[in-house]
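> Residues per chain, in single letters:
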Amino acid sequence: EAAVTQSPRSKVAVTGGKVTLSCHQTNNHDYMYWYRQDTGHGLRLIHYSYVADSTEKGDIPDGYKASRPSQENFSLILELASLSQTAVYFCASSDRGRDAETLYFGSGTRLTVL
Amino acid sequence: GEKVEQHESTLSVREGDSAVINCTYTDTASSYFPWYKQEAGKSLHFVIDIRSNVDRKQSQRLTVLLDKKAKRFSLHITATQPEDSAIYFCAASRTNTGKLTFGDGTVLTVKP
Numbered sequence: 046e047a048a049v050t051q052s053p054r055s056k057v058a059v060t061g062g063k064v065t066l067s068c069h070q071t072n073n074h075d076y077m078y079w080y081r082q083d084t085g086h087g088l089r090l091i092h093y094s095y096v097a098d099s100t101e102k103g104d105i106p107d108g109y110k111a112s113r114p115s116q117e118n119f120s121l122i123l124e125l126a127s128l129s130q131t132a133v134y135f136c137a138s139s140d141r142g143r144d145a146e147t148l149y150f151g152s153g154t155r156l157t158v159l
Numbered sequence: 002g003e004k005v006e007q008h009e010s011t012l013s014v015r016e017g018d019s020a021v022i023n024c025t026y027t028d029t030a031s032s033y034f035p036w037y038k039q040e041a042g043k044s045l046h047f048v049i050d051i052r053s054n055v056d057r058k059q060s061q062r063l064t065v066l067l068d069k070k071a072k073r074f075s076l077h078i079t080a081t082q083p084e085d086s087a088i089y090f091c092a093a094s095r096t097n098t099g100k101l102t103f104g105d106g107t108v109l110t111v112k113p
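Chains A and B, in that order, give the protein sequences.
All letters in the first sequence, in the order written, are residues 46 to 159 by the numbering used here.
All letters in the second sequence, in the order written, are residues 2 to 113 by the numbering used here.
Be a bit skeptical, because a hint or two may be false.
[To be verified] Over the 12 angstroms line for every Cβ pair with chain B, so calculated as not near, a few chain A residues:
#, residue
1, Ser67
2, Thr71
3, Arg89
4, Ala97
5, Asp107
6, Pro114
7, Leu128
8, Ala137
[Claimed, not checked] Listed next, the in silico DSSO-like pairs over lysine-lysine satisfying Cα-Cα at most 27 angstroms (straight line):
#, chain 1, residue 1, chain 2, residue 2
9, B, Lys38, A, Lys102
10, B, Lys72, B, Lys112
11, B, Lys69, A, Lys56
12, B, Lys112, B, Lys38
13, B, Lys43, B, Lys4
14, B, Lys38, B, Lys72
15, B, Lys70, B, Lys112
16, A, Lys110, B, Lys58
17, A, Lys102, A, Lys56
18, B, Lys69, A, Lys110
19, B, Lys58, B, Lys72
20, A, Lys56, B, Lys43
21, B, Lys112, B, Lys69
22, A, Lys102, B, Lys112
23, A, Lys56, A, Lys110
24, B, Lys43, B, Lys70
25, B, Lys4, B, Lys112
26, A, Lys63, A, Lys110
Bear in mind the hints are in silico, worked out from the structure with no lab data behind them.
Computed from a predicted model, the values in this text were never measured in an experiment.
Cβ coordinates follow ideal geometry from the N, Cα and C atoms, glycine included.
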């Protein structure tokens, strides 16, 4: 079965601090994504990657960086965390081509910025 | 960019009844429309999808209808069961990109 593992499961950060969220997939998928979910809302795409060593901006990239050092690993970096970045963050992976459209999600990271 | 509106924020039905969740989208280039389910405290998982080359797709108790002219699609769940209770998200994307635009979700409650 597809497996996307996120760490940490939850984190409390201080305003202005640096936060790194990690994602590891064992699906052998080429594509990976970072979404954020705010309470009562759907998911919004932050960054995505179609191949190792390359990342693309999604719909809401401001305040976030992404890193894809290998096919399996995809990180989301908040260089200067802000209160507005409190949310649940989901990593996902998908295969290429027609199968790119079915996303497999991790369990999420609940980030609280104080 | 694409915007997806999910019309019902909450929906409550009795066990055995049908449930319908409606979504509209704005981008005429969108051609792929999946639905995801999120159970309480858990992640999202895929339930069913439809592509723009068809207007209806059924999988067991789930049916998705697509009206491209109205830019509207809907999820129909028949013979609902308590385990259908969850948040359902509709989404849209252009083909093969994997970049989904989600609606805000519908909290479906199935009462015994």
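> Evaluate each hint against the coordinates.
Hints versus structure:
No beta-carbon of chain B is positioned within 12 angstroms of the beta-carbon of Ser67 (chain A); the least distance is around 16 angstroms. With a minimum CB-CB distance of about 16 angstroms to chain B, Thr71 (chain A) clears the 12 angstroms threshold, and the non-interface call stands. A Cβ of chain B approaches the Cβ of Arg89 (chain A) within 12 angstroms, the least distance being about 7 angstroms, so the stated non-interface status is violated. With a least beta-carbon separation of about 16 angstroms from chain B, Ala97 (chain A) lies farther than 12 angstroms from that chain, consistent with its non-interface assignment.
Taking the minimum C-beta to C-beta distance to chain B, about 15 angstroms, the non-interface status of Asp107 (chain A) holds against the 12 angstroms cut. For Pro114 (chain A), the non-interface assignment is confirmed: its Cβ lies about 20 angstroms from the closest Cβ of chain B, beyond the 12 angstroms cut-off. Once the 12 angstroms rule is applied to beta carbons, Leu128 (chain A) is consistent with being away from chain B; the minimum gap is 22 angstroms. Not every beta carbon of chain B lies more than 12 angstroms from that of Ala137 (chain A), the smallest distance being close to 8 angstroms; the non-interface claim is violated.
Of the supplied pair hints, the one linking Lys38 (chain B) and Lys102 (chain A) holds, its CA atoms being roughly 26 angstroms apart against a limit of 27 angstroms. Annotation: proposed proximity of Lys72 (chain B) to Lys112 (chain B) is violated, straight-line Cα distance about 31 angstroms (limit 27 angstroms). Restraint check for Lys69 (chain B) and Lys56 (chain A): the C-alpha separation of about 42 angstroms exceeds 27 angstroms, so the hint is violated. Between Lys112 (chain B) and Lys38 (chain B) the CA atoms are separated by roughly 18 angstroms; this keeps the pair inside 27 angstroms, and the hint holds.
Proximity of Lys43 (chain B) to Lys4 (chain B) is assessed by CA-CA distance (about 25 angstroms); at most 27 angstroms being required, the pair is judged to hold. For the suggested pair Lys38 (chain B) and Lys72 (chain B), the alpha carbons sit about 22 angstroms apart, so the restraint of at most 27 angstroms is met. For a cut-off of 27 angstroms, the pair hint linking Lys70 (chain B) to Lys112 (chain B) is broken: about 35 angstroms separates their Cα positions. Taking the CA atoms of Lys110 (chain A) and Lys58 (chain B), the gap is about 38 angstroms. The hint is violated against a cut of 27 angstroms.
Between Lys102 (chain A) and Lys56 (chain A), the direct Cα distance comes to roughly 24 angstroms. Compliance with the 27 angstroms bound is thereby established for this hinted pair. Only pairs whose Cα atoms come within 27 angstroms are accepted, and Lys69 (chain B) paired with Lys110 (chain A) is rejected, the gap being roughly 36 angstroms. Restraint check: the Cα-Cα separation between Lys58 (chain B) and Lys72 (chain B) comes to about 16 angstroms, which is no more than 27 angstroms; the hinted pair holds. For the hint pairing Lys56 (chain A) with Lys43 (chain B), the CA-to-CA distance comes to about 17 angstroms; that is within 27 angstroms, so the pair holds.
Among the hinted pairs, Lys112 (chain B) with Lys69 (chain B) is inconsistent with the structure: their alpha-carbon atoms are about 33 angstroms apart, more than 27 angstroms. Proposed proximity of Lys102 (chain A) and Lys112 (chain B) is contradicted: the alpha carbons are some 42 angstroms apart, above 27 angstroms. Only pairs whose Cα atoms come within 27 angstroms are accepted, and Lys56 (chain A) paired with Lys110 (chain A) is accepted, the gap being roughly 18 angstroms. Pair hint Lys43 (chain B) plus Lys70 (chain B) does not hold up; C-alpha atoms about 35 angstroms apart against a cutoff of 27 angstroms.
Distance restraint check for Lys4 (chain B) and Lys112 (chain B): the Cα-Cα separation of roughly 31 angstroms exceeds the 27 angstroms cut-off, and the hinted pair is therefore not satisfied. For a cut-off of 27 angstroms, the pair hint linking Lys63 (chain A) to Lys110 (chain A) stands: about 11 angstroms separates their Cα positions.
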